[in-house]
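Number of protein chains: 2
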Amino acid sequence: MRLSRYFLPVLKENPAEAQIVSHRYMLRAGMIKQQAAGIYSWLPLGFRVLRRIEEIVHQEQIRAGHIPLLMPTLQPADLWRESGRYDDYGQEMLRIKDRHDRDMLYGPTNEEMITDIFRAHVNSYKDLPLTLYHIQWKFRDEVRPRFGVMRGREFLMKDGYNFDVDRDAALHAYNRHMVSYLRTYERMGLTAIPMRAASGPIGGDNTHEFLVLAQTGESEVFYDDRVTGLKLGQRDIDYDDRAQVAAVCEEFTTLYARTDETHDPAVFDQIPEAHRKVGRGIEVGQIFYFGTKYSEAMGATVVTADGSRVPVEMGSHGIGVSRLLGAIIEASHDDKGIIWPEGVTPFPVGIVNLKQGDGATDAACESIYKALAAKGLEALYDDRDERAGAKFATMDLIGLPWRITVGPRGLAAGKVELTCRRTGASEEMSAEAAVDRVAAIYAGR
Amino acid sequence: MRLSRYFLPVLKENPAEAQIVSHRYMLRAGMIKQQAAGIYSWLPLGFRVLRRIEEIVHQEQIRAGHIPLLMPTLQPADLWRESGRYDDYGQEMLRIKDRHDRDMLYGPTNEEMITDIFRAHVNSYKDLPLTLYHIQWKFRDEVRPRFGVMRGREFLMKDGYNFDVDRDAALHAYNRHMVSYLRTYERMGLTAIPMRAASGPIGGDNTHEFLVLAQTGESEVFYDDRVTGLKLGQRDIDYDDRAQVAAVCEEFTTLYARTDETHDPAVFDQIPEAHRKVGRGIEVGQIFYFGTKYSEAMGATVVTADGSRVPVEMGSHGIGVSRLLGAIIEASHDDKGIIWPEGVTPFPVGIVNLKQGDGATDAACESIYKALAAKGLEALYDDRDERAGAKFATMDLIGLPWRITVGPRGLAAGKVELTCRRTGASEEMSAEAAVDRVAAIYAGR
Numbered sequence: 004m005r006l007s008r009y010f011l012p013v014l015k016e017n018p019a020e021a022q023i024v025s026h027r028y029m030l031r032a033g034m035i036k037q038q039a040a041g042i043y044s045w046l047p048l049g050f051r052v053l054r055r056i057e058e059i060v061h062q063e064q065i066r067a068g069h070i071p072l073l074m075p076t077l078q079p080a081d082l083w084r085e086s087g088r089y090d091d092y093g094q095e096m097l098r099i100k101d102r103h104d105r106d107m108l109y110g111p112t113n114e115e116m117i118t119d120i121f122r123a124h125v126n127s128y129k130d131l132p133l134t135l136y137h138i139q140w141k142f143r144d145e146v147r148p149r150f151g152v153m154r155g156r157e158f159l160m161k162d163g164y165n166f167d168v169d170r171d172a173a174l175h176a177y178n179r180h181m182v183s184y185l186r187t188y189e190r191m192g193l194t195a196i197p198m199r200a201a202s203g204p205i206g207g208d209n210t211h212e213f214l215v216l217a218q219t220g221e222s223e224v225f226y227d228d229r230v231t232g233l234k235l236g237q238r239d240i241d242y243d244d245r246a247q248v249a250a251v252c253e254e255f256t257t258l259y260a261r262t263d264e265t266h267d268p269a270v271f272d273q274i275p276e277a278h279r280k281v282g283r284g285i286e287v288g289q290i291f292y293f294g295t296k297y298s299e300a301m302g303a304t305v306v307t308a309d310g311s312r313v314p315v316e317m318g319s320h321g322i323g324v325s326r327l328l329g330a331i332i333e334a335s336h337d338d339k340g341i342i343w344p345e346g347v348t349p350f351p352v353g354i355v356n357l358k359q360g361d362g363a364t365d366a367a368c369e370s371i372y373k374a375l376a377a378k379g380l381e382a383l384y385d386d387r388d389e390r391a392g393a394k395f396a397t398m399d400l401i402g403l404p405w406r407i408t409v410g411p412r413g414l415a416a417g418k419v420e421l422t423c424r425r426t427g428a429s430e431e432m433s434a435e436a437a438v439d440r441v442a443a444i445y446a447g448r
Numbered sequence: 004m005r006l007s008r009y010f011l012p013v014l015k016e017n018p019a020e021a022q023i024v025s026h027r028y029m030l031r032a033g034m035i036k037q038q039a040a041g042i043y044s045w046l047p048l049g050f051r052v053l054r055r056i057e058e059i060v061h062q063e064q065i066r067a068g069h070i071p072l073l074m075p076t077l078q079p080a081d082l083w084r085e086s087g088r089y090d091d092y093g094q095e096m097l098r099i100k101d102r103h104d105r106d107m108l109y110g111p112t113n114e115e116m117i118t119d120i121f122r123a124h125v126n127s128y129k130d131l132p133l134t135l136y137h138i139q140w141k142f143r144d145e146v147r148p149r150f151g152v153m154r155g156r157e158f159l160m161k162d163g164y165n166f167d168v169d170r171d172a173a174l175h176a177y178n179r180h181m182v183s184y185l186r187t188y189e190r191m192g193l194t195a196i197p198m199r200a201a202s203g204p205i206g207g208d209n210t211h212e213f214l215v216l217a218q219t220g221e222s223e224v225f226y227d228d229r230v231t232g233l234k235l236g237q238r239d240i241d242y243d244d245r246a247q248v249a250a251v252c253e254e255f256t257t258l259y260a261r262t263d264e265t266h267d268p269a270v271f272d273q274i275p276e277a278h279r280k281v282g283r284g285i286e287v288g289q290i291f292y293f294g295t296k297y298s299e300a301m302g303a304t305v306v307t308a309d310g311s312r313v314p315v316e317m318g319s320h321g322i323g324v325s326r327l328l329g330a331i332i333e334a335s336h337d338d339k340g341i342i343w344p345e346g347v348t349p350f351p352v353g354i355v356n357l358k359q360g361d362g363a364t365d366a367a368c369e370s371i372y373k374a375l376a377a378k379g380l381e382a383l384y385d386d387r388d389e390r391a392g393a394k395f396a397t398m399d400l401i402g403l404p405w406r407i408t409v410g411p412r413g414l415a416a417g418k419v420e421l422t423c424r425r426t427g428a429s430e431e432m433s434a435e436a437a438v439d440r441v442a443a444i445y446a447g448r
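Residue numbers (my numbering), protein chains in the order written: chain F, 4 to 448; chain U, 4 to 448.
It is possible that some hints are incorrect.
For chains that are exact copies, the list does not tell them apart, and a pair is met inside one copy or across any two.
Claimed, not checked - Simulated pairs of lysine to aspartate or glutamate, EDC-like, Cα-Cα distance not exceeding 16 Å:
1) Lys-36 <-> Glu-253
2) Lys-129 <-> Asp-169
3) Lys-280 <-> Glu-223
4) Lys-100 <-> Asp-81
5) Lys-280 <-> Asp-267
6) Lys-129 <-> Asp-309
7) Lys-129 <-> Glu-389
8) Lys-100 <-> Glu-145
9) Lys-100 <-> Asp-130
10) Lys-15 <-> Glu-299
11) Lys-280 <-> Asp-228
12) Lys-15 <-> Glu-389
13) Lys-129 <-> Asp-388
14) Lys-418 <-> Asp-365
15) Lys-373 <-> Glu-435
16) Lys-339 <-> Glu-431
Everything labelled a hint here was simulated from the structure, so no lab data went into it.
Bound-form chain F, shown alone:
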């Protein structure tokens, strides 16, 4: 993408309404624009990251054997009357009347609707296990939306629902979600720690939240800091292997890590003092096993192997897709701007032309731009007629992990400069070497 033809409305001033760094940088980098309290447009740069995060979530859910579909944003109130939550849900539910005066609502979550889909079509244990998920816009009418996309009203969420014939199978689905979430967050460059949590309005007793450590987090967290060193890495997971999946969960949940809701000071105090940490965390996902709460209320049953009919065992599992942009920025920035992890960056690399209009420099930039494209990498090429300082400031603000700088002086020596956004380290090399290096960094992503 050539910046001269892009729409990247960066702001020079810090917006007064932004209280936390992710909100400030998302506004300044031209990623979002507020349209109403807690409701945002995703400008082109923000939309690219959102799509990238969505894609990673899809890939890891599909890898775990979960099946994507898409439920609508609006739901009939009657479904929620069946579960009893229509009256319970309170003012966060956006209630709507259509032109025929029918009660509708903008879905804050989808347990009722997915249970309705299940009961309409599935009748036998032979069709289980089944996990269905979607990534769709939700609405929660927060009384005081704030912190940008971290606590918006209209937000994008992945929510998945497992259907299983018995408790053991449902717990395996729970574990499968935990492992797939660990991989999802790692691919985004995040350390998200599963912490035992309280269940809230969804119901159920087994539940973990995934928290990213950050000073601006909404939850107080208590943990053994050895938990932050655990990595799933590239290990090969067979999601059908119950023992293997359970062992990974065991590995990631044995060390103490809890939110204030489930914190137990007596247990916490047994951690060696050097590892005992109190901090704050941003919730980026949550998994629940709640058994038959919805299936019983809504009549979602299956015939088992012995011919009896039982309510199906369920759980629900969510990732805050739009909120993740905020969480990633909270966890990865400096005082110049965002530092995108390679997994989610809007563009893999930027090209800065130090002397736009100079024939040789323009030609070298074009040639690098095309060489990257030939390797499947779309660079953001700053081809504007601007001074170098402004170009560097924009690149630092929007946070592309790598930058290739091209100027007449370097070209005279056959060199361009490759700069790492995170470390600030620069290295001179030939244009071909810079292209190859960037391609190697992104190989396999």
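Start from chain F and add chain U according to the hints.
This is chain U only, laid out in the frame that chain F set:
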């Protein structure tokens, strides 16, 4: 995807509520489920096609130089008060009050919001031309929703908006959209004819609708049938070349083709009788040039080269993404089910195992399944323990363009069968040859 692990709830009976073939087949093939009048869940098979269509739309918009972003589904009423449309729009607009009693609405279209984004960030002719688009859920509270996704209330639409400094540039943007739409529809296997249309509530005098000929279409259309033979094909378009783009538009709009709204019998009668046709069409897109209607009302101006300030010239351009599934099925089916064009099929090919449980047959199917995957093709493998007739009926209903049938008798002779859904023609060949043939069919898609 192995069918035994998929969620494909096909129906044996014709659903009573479905009056047209696309609605009937989408229900029977387990693609959609109605959740309220005109509001559907997209079950896994339907969601795959929806995503595929969305992807083609994105690719062709980006090829034309248009920039994706994403606006929210809910909008503040105040924006629509600025344009005067809040009161004009009538009962099709779903009006909502939030918990603070603020007037909101579920966007039926986005002229106001995109103009708001533009005026907040663009000030100079130097930032033009600019075309922004998104693919987002919309809501129109139709009094009688029907025909499935063809006339739903919650529907997915691509809507794009061009911003240009003068009329000539805006007309070029109009033409660019026409050409990009022609390519979009052709990639989906559709012949969509641009027809001069009336503008309706969007405003403006230049507008074309794109219509797919089908007996179930909502519009009466009058055309010279030579227009159906025009093809854009693989020609190389430079979207910055005004003359080239205008010439393509000329080629596709010179022959008579109009809806009843703009039909002129005197001109129509001059077409040679053999080519004069009256039929019905399904609207799958519309482009508008409306000039300064919104920019004047909302104060979206730019400074021109001579320093004066003018309201920006605009147009808006839409593709009915979710409705396209219905249109494609109306245009491509037989009495056994859907016939997907290769460009949008949910799976490129199906594998039917005629003797599930037979070691050699199972192994041959697995090997074909993996060989296809290695070539980037995800087959739908019917590995259920079902009789052959039921498997064929399901494959015909869901309409994958190609099917590989594997049975013990054929394998004994080293053969499998490759069948074309459209023609019904089958050919015996080795498994390797079948895989290569399918890969060749999808090469470059």
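Could you tell me which of the numbered hints above are not met by this structure, giving the numbers in increasing order?
1, 9, 10, 16
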